[in-house]
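Asks: All chains, please: the whole structure from these sequences, using the hints.
Heads up: the protein sequence lines correspond to chains A and W, in order.
Its first residue numbered -14, the first sequence is counted upward by one per residue in this note's numbering.
Its first residue numbered 17, the second sequence is counted upward by one per residue in this note's numbering.
No wet-lab data here; the hints were simulated from the structure.
Idealized CB from N, CA, C, for every residue including glycine.
Possibly wrong hints are sitting among the right ones.
As the list claims (entries may be wrong) - Examples of chain A residues toward chain W, derived with CB under 7 angstroms:
1. E27
2. T88
3. F91
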Amino acid sequence: EAGVTQFPSHSVIEKGQTVTLRCDPISGHDNLYWYRRVMGKEIKFLLHFVKESKQDESGMPNNRFLAERTGGTYSTLKVQPAELEDSGVYFCASSQDGRLGNTIYFGEGSWLTVV
Amino acid sequence: DQQVKQNSPSLSVQEGRISILNCDYTNSMFDYFLWYKKYPAEGPTFLISISSIKDKNEDGRFTVFLNKSAKHLSLHIVPSQPGDSAVYFCAASDPNYGGATNKLIFGTGTLLAVQP
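Replies: Here it is as structure tokens:
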């Protein structure tokens, strides 16, 4: 069974440009999460989809970030325009349901460097 | 304001000895805790968890202890193996997330190096 896959694995863009990160969750997982780790700090929650609906987007830093999950399958996270402080690793994760203790599986992450 | 803290950025242990990784939290409403392990260039993988109704949970070489009065938990790895070398993240489930949650609040991680 394929795990959570993310693309691209690495991206280097200039300040002001746009980047779109993609996440394919494990098949059948209705719950999809985006997390971010900036510069060796803690991994922080960005948002949570249940199928195609945004359950919680309270962790999104600002309106330069837009996440979508069309059709409840894969998800994209767009950063436009990118700023230097957006550099970090963006992790996508999925779980079968949102119940406490239900294992959440992480992808390998998309490394974003804004220069 | 960090609610989950891992004050040791790194830890070095000899193979075969015990590794003890520590984690403190500030929110007394937290009721479920997890440890994740992360190898370089990989995503975090679930290791072990504990509910606040317990003070210990064991899975093979890994044991998590929870001290609610001190708001402290620790992960013990015995015996430590070189393959255990990784970054270990402590996480708590967000109690404000309506009950059923995989919205996690992570610490900053501790890099464990197990020396052969």
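Asks: Each hint: holds or not?
Replies: Right, here's what the structure says about each hint:
{"no.": "1", "hint": "E27", "verdict": "holds, 5 angstroms"}
{"no.": "2", "hint": "T88", "verdict": "holds, 5 angstroms"}
{"no.": "3", "hint": "F91", "verdict": "holds, 3 angstroms"}
The structure shown violates none of the earlier numbered hints.
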